[in-house]
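Enquirer: Spelled out, the chains give:
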Amino acid sequence: MSLAARVIPCLDVAEGRVVKGLRFENLRDAGDPVEAARRYEAEGADELCFLDVAASHEGRGTLVDLVRRVADVLAIPFTVGGGVRSVEDAGVLLSAGADRVTVNTAAVLDPALVTRLAERFGAQCVVVAVDAKRAGEGFVVSTHGGRRLTEIGLPAWVAEVTARGAGEILLTSMDADGTKAGFDVAMLKAARAATTLPIVASGGAGELAHFAPAVLEGGADAVLAASVFHDRVFSVGMVKRAMAKAGVPVRPAVPAGLEEVAYDERGLVPVVVRNAGTGEVLTLAWANDEALALTVETRQTHLFSRSRRSLWKKGETSGNVQRVVRVFLDCDRDAVLYDVEPSGPACHTGAASCFSPISAIPSDAAARVALPATVNGASAEASGADPFGLGPLFDVVAARKARPEPGSYTNRLLEKGIGKCAQKVGEEGVEVALAAVSRDDAGLAAEVADLMYHVVVLMAARGLSPEAVAAELAARRGVRREEK
Amino acid sequence: MTRVAILDTGVGNVGSVRRAFERLGAEVATTSDPALVAQSSRVVLPGVGAFAPARARLASSGLEEGLRAAVGHGARLLGLCLGFQLLFEASEEFGTTEGLGLLPGRVVPFPSSVRVPHVGWNRLETEGAAEGPLLAGLPRGTYVYFVHSFRPEGADPADVAAFCDHGGRFVAAARRGNVWGCQFHPEKSSAAGRRILANFLAEAA
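Same order as they appear, the protein sequences are chains V and G. Reminder that position 392 of the first sequence reads as 394 in our numbering, one-by-one numbering, no gaps. Reminder that position 136 of the second sequence reads as 684 in our numbering, one-by-one numbering, no gaps.
Extracted from the complex, chain V is given alone in its bound form (with noise of 0.2 angstroms):
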């Protein structure tokens, strides 16, 4: 069986609002249910719990409001509770587009209200929400938000609302409510040895490594969470990719623009990766879903082998690793392409491109092919060609800077820092001038190459990366050719 545990976001709302405070107290606003929404679907969200804790007769009419304006932009299925208290509130809520509504303490009075439910709208729309509490060796089932004890136990009330029809257990230890301690695994298992049915695990959620034991101890199929999703203690996607880690079947969370990647039969999809700087290309590879979205998350490039069958993290062995600043995506949507930031040599010959020259072709072309090209088109010549060997330069620069060697010129002038550098560079410029109207050609290139040299010091003495000058010179490049 592959069906997914569901990661289920809670949005504790008050006349139309997210409110936080301790579930029944000192509530605040905190922002635009309808929002929130939208960002925990993008964000990998299976469904989504909403939970009107003011629940007063006034307010029904804005809660019905809400659900109709959150089933407008959600296309994950959604639960709806807080005061439902006969088949009509269910009725109202669901046709304002609720997938499923909760009963709690109403339940509790009158548990044949459960039967009802389930024989009018079926059991899968049915959620019986239970909030327990410790007492002695057992648990026992809370009323009114925790705040009055009943006598009944828990795997008694679940066993009874199980054969009254319910569909699923909502599950709160009104202990572990609030504490970011972690899930209450022993009042789980004790309701999961008294159904069948789903049970969502609430309460205590504080750390990734919570999760997994929710199901794999307690025996649950979805875990629920307010707090630590608000505050953006973490998101649905790290939640999700800790409980896969620790063997839970997840639905992998998709990060929003990946959707519309088209991959190809084997579910993988080409990788273009650049160097943002240069604009030279380094590798082709391929991603598969997985790899995408650990991409965008973490910002490092990640790839699929299709040798190896498995996912990679480049760097993952070399330490060369990438930062990526941008993905791409094709117009037919069927490759990506990802802007980096090299911190070493892509290829694992140890070259800085996976792609060098073909000998075999002549000169001409082969000198066209083994100059960095950038991808959308621009002559090599102008992009990524460099004659002076700047590079090389700034990297010996860049060498000593970081292990300066006695007598060397370069690290005296780094040693008496950034005016003096600075300096050099006017004094340099000013010779470059002179020697353009009054000497050779000879001359005028040693004080070219004084001023090059004198550039890149300045630059290593402030810590500007070269890619950074050549990102602003490819972007003016990109400039002149719109204005053409």
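These aren't lab readings, by the way, just hints derived from the structure by calculation. Treat the hints with caution; some may be incorrect.
Rough simulated footprint, nothing fancy, chain V against chain G, three-plus residues with beta-carbon under 8 angstroms [unchecked claim]:
no.	stretch
1	561 to 570
2	663 to 669
3	689 to 700
4	729 to 739
The beta carbon of each residue, even a glycine, is placed where N, CA and C say it ideally should be.
Given chain V, work out where chain G should sit, using these hints.
Expert: Then chain G, alone, in the frame of chain V:
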């Protein structure tokens, strides 16, 4: 803008299907007018609830005629959940009821060994299924949202677009010419569902 006629079968949550198509920019009419259905190029048969009353209402309302006329002149039909089951030859839900017979196969209960209803997100398996436009562009093993207690069996293997595993493999999506169907709810299946509905709307099949 594509014109979509959603059959108002009088049961279930037609609203969520309508909104899902509207979000894709389609012009949608929720209708119980057989003539309008007959003229539409895209027809959707949604459905939640029991097979027999839904089948009876299709016949008595005249919508069945409209639907058959639309399919006859080449309109694309999409059956969803119960609407998918109605496309088959018969159902064994509470006695045997004849279906529309647009797809070979019958609708039967899950084996008693698994939890019913089958509710939640489950994977589509495309190994051994026929390639086609219904799931075009979706990654392998995509999760979609199911809510059902019965499932088709005995479908023509050439029609199967995807299987799902719950108490053994069953047909989760099928296409036979211009007749499409999904046992799951694309309108509740987030991005994957949007893609499937967009595939249904797309010009080239």
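Enquirer: With reference to the structure, classify each hint as holding or not holding.
Expert: Hints, one by one, checked against the model:
1. 561 to 570: holds (count 5)
2. 663 to 669: holds (count 6)
3. 689 to 700: With 4 residues close enough to chain V, the hint holds.
4. 729 to 739: holds (count 5)
Every hint from the earlier list agrees with this structure, and none is contradicted.
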